[in-house]
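With chain G's structure known, arrange chain E on it following the hints.
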Amino acid sequence: MKIIRFFLVALVTLSIFFILNFKWGATPPLGKFLDPFNGFWQNAESTTVAFNAEITSSKISDAVQIKFDERLVPHIFATNDYDLYFAQGFVTAQHRLWQMETQTMFASGRLAEILGPTLLSVDREQRRQGMVYGAENALKIAMADSVASLMLKAYSDGFNHYLNSLSYKDLPLEYKILDYKPEEWSPLKTCLLLKYMAKDLAGYDNDLKFTNAIKTFDKATFDLLYAENATAAEDPIIPEGTPWNFEAIPAPAPPSERVVDTFTNPRSTLTPPNPDNGSNNWAVSGAKTLSGKPILANDPHLGLNLPSVWYEIQLNNKGLNVYGASLPGAPGVIIGFNDSISWGVTNAGRYVKDWYKINFKDINKSEYKYENEWLKTRKVIEEIKIKGQPSFYDTVYYTIHGPVVYDQNFYHKNETFGYALRWLAHDPSLEILTFYYLNRAKNYDQYVDALKYYSCPAQNFVFASASGDIAMWIAGKFPVKWKDQGRFLMEGTQKENTWQTYIPFEHSPHVLNPPRNFVSSANQHPVDSTYPYNAFEGDFEYYRNRRINNVLRTKDSLSVEDFMSLQNDNFNLMASESLPIMLSHLEKENLSKVEREYYNILQQWDFINTKESLAAPVYQVLWDTLFVKIWDEINTSTIPLPYPEFFTTIKLIKNNPQHFIFNISETSARENAFDLITQSFKGAVKKIEKIKKEHSIENLAWSTFKATRIRHLLRPINAFHTDTLMVGGNKGIVNAIGTDHGPSWRMIVQLGEEIEAYGVYPGGQSGNPGSPYYDNFIDTWANGKYYNLVFLHNDKDKSKEIVFTQSINRP
Amino acid sequence: MLNTCSFSNFYKMKFLLQTFIIIILTAIIQILLPWWGLMIACFVVAFFAYSTRSISFFSSFLGVGILWIAYAYYVDTQTSSILTVKVAQIFKLPNTSYLILITGLVGGIAAGFSALTGHLFREFFTRKEFQD
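Residue numbers (our numbering), protein chains in the order written: chain G, -18 to 792; chain E, 912 to 1043.
None of these hints come from the bench; they were simulated from the model. This one's a predicted model, so the numbers in the text were calculated from it and none came from an experiment. For glycine and all other residues, C-beta sits at the position ideal for the given N, C-alpha and C.
Here are the in silico distance ranges between beta carbons for each label pair:
#1 E:Phe1002 <-> G:Asn33: 28 to 34 Å
#2 E:Pro1005 <-> G:Asn33: 33 to 39 Å
#3 G:Asn790 <-> E:Thr1037: 54 to 60 Å
#4 G:Ser148 <-> E:Phe1002: 23 to 29 Å
#5 G:His774 <-> E:Phe931: 54 to 60 Å
#6 E:Phe921 <-> G:Asn33: 45 to 51 Å
Okay, chain G solo, but in the shape it has when bound (with noise of 0.2 Å):
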């Protein structure tokens, strides 16, 4: 009886700790998680900065000083690169650990490892698109580069003594939650977050789409419905009329013979990038502006996360003070000032990313046909590991055009052919580099010379010095293309299809203190149709640059403040072009009395999106209707198609409304654009009184129906995401605030002798949901409103500001 009665209860209190100890479905494992000495309460934090004040390691050569102003901003003080860097690793670690890790797993495709098998196919895209081939090839020219490798080595080092400082107690919520641990930082991961970026900025493409649009209409629907629109009234970056003085490389020939086949298998492709990723900068020279000093200004529009993508830092040693966004993995400053210049970057869009067919001998795919050879592949086999299950083992054959992403085995059926993709993204670069000179470059031709370095993601690098010049240098590295070459899918086996010469650096766009005394992009063409080498891509901003220049031109005497209300304007520069031609189309006598009201709701418009306007709504709406409405050809397609860009379909509208392309094929009428836009327009006043009714309000105001809201990198788990915020704005607006996309960090610079700065992001220093640092930006951010940076001179400067000193000592 007592034997039963012990194991009974010793099994019963076994159980108990297995429930308890171990994860059950979403569930977190209770005992560990809710313990209050260990579990996630440890993770709760209060106002007061509470790190270890004292950190020792015998890794760093002298002692360094990190003192947090009151936004938690970390100021390093270190007296030489290495202990700066290793300085930079553990502050930004101790604040964002999870996040870093968590963004090089996505980028290198791990993350089924430790999300389950949902993520399987978001990994395999990630492996077959050769995310760790690029980083591996990156790293391996860093290493060989003293000053890339001491700056990788230090980061890391700097993050894994953060990490091996750590107990259960002192991890990451999340990890906690998911019931994993982090793993050590190595160089690598470095490269693969810049990959990361790479990928997110320059990740790009759409020619099997134009592949199949080719295909699909005739040569001169094509060309009306993917104009390529590089006129001067496009507003280009580099001003019209910016003279070329070098001697352009010559394209290379087009194969005699150019065979275009159709991506026909598939409904879908790899996951694109989100096409609203863009951003803004301009500098203006102090013959424009109040003060007569320069300033400069940036806004990179990207995903709004939580933990944000930027955290602010300075860094100080000897020859160096920066300030400005670092990415969470990387070290250095990405977009910033120092004492002498100031730098910001948008996004270049061009095809950097290409597609080969690639024409295996036979099944076995271990050779390809390349001229009249018959070349071996290099097949890797992807192990990805998922929890829970046993691993899933992914071969990808590589070919001197790249990896062969798509196979029998990958969205494509046919067990002979592939398409493999060739992109810049690939290559060895050495970004970091850019990053470390710019970070200490005191004049224009040091800040030209740290754009050297720079190969992918192309970026529109503004610049303004103390010392008065304004400049813009598009940089990145580009393949010297035939036209059209890598619009479309090319044949694996041409050698003319493949890259052969690069664009030397110094024939890159660029322009340094123009007459108009300004300089500004937003992705837009980067030149007018003169630049002698092809720039193509089918994605250029046609709105948000035309509306900066606006107002950079008829403005004289600017100040910082005009600079603050440029960054938040909200006019819908599109929706002025584009809603007059609607309306004045629009048939009107059959209105009923609802229709009418709104109606007169869209003639009153001003054209700007303010958060409370009743009127954007209604015409964001009906532009969306109508937008599907004329591309029913697209919609109903059995094969991916590109879809025209808004600024051709306005252009289509206004002067060509009786093309055929307006025709809905599945009605007998023969319907033109104006018909469509009648349509749209009930239709569109029937979804939002529908609205109005769902949620039993009287108005729809824009930022109701917009429901922007900045949401934690685990989505299932709202709790840790913003409630909706109230903004204005929108992608192709000045102020480009989207539903959950949009300006992550707002820095204008003013510089002289004195530097005068100011930034907000949406987010907080600290990457804990726990933390009253975790969002406390956010309303800042939404309001419009700046903090005024802390740019210390040297480590005993302005004391009061600073709420907290960490320092690391050698033992």
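Relative to chain G, chain E alone:
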């Protein structure tokens, strides 16, 4: 009558003392060991104290429950409930008080059963002195 009364007072004292020891020992062991350290503490205390089964169970249940609730409550108030509100939401609880109570309950159950196991284990070695 008098006898029974003092007898029950004795149990009360023993219960309170054992609860107190559990609180102190668990608090110490939890600094050194993961959460299951409390299970060891309760097992060991019940084994050596060897009072009654119900005293063993309930002193541990209450001791650890009180300890966890007190600590959780302290964290909650010290941090203006920033995190606790979010975690309560994850567990779909109406407010943080439930989260604190559930924390105590989880700790208490693990503690109580460990103590009972410890007590029953002791029964193999010793003749029982007190009956429940």
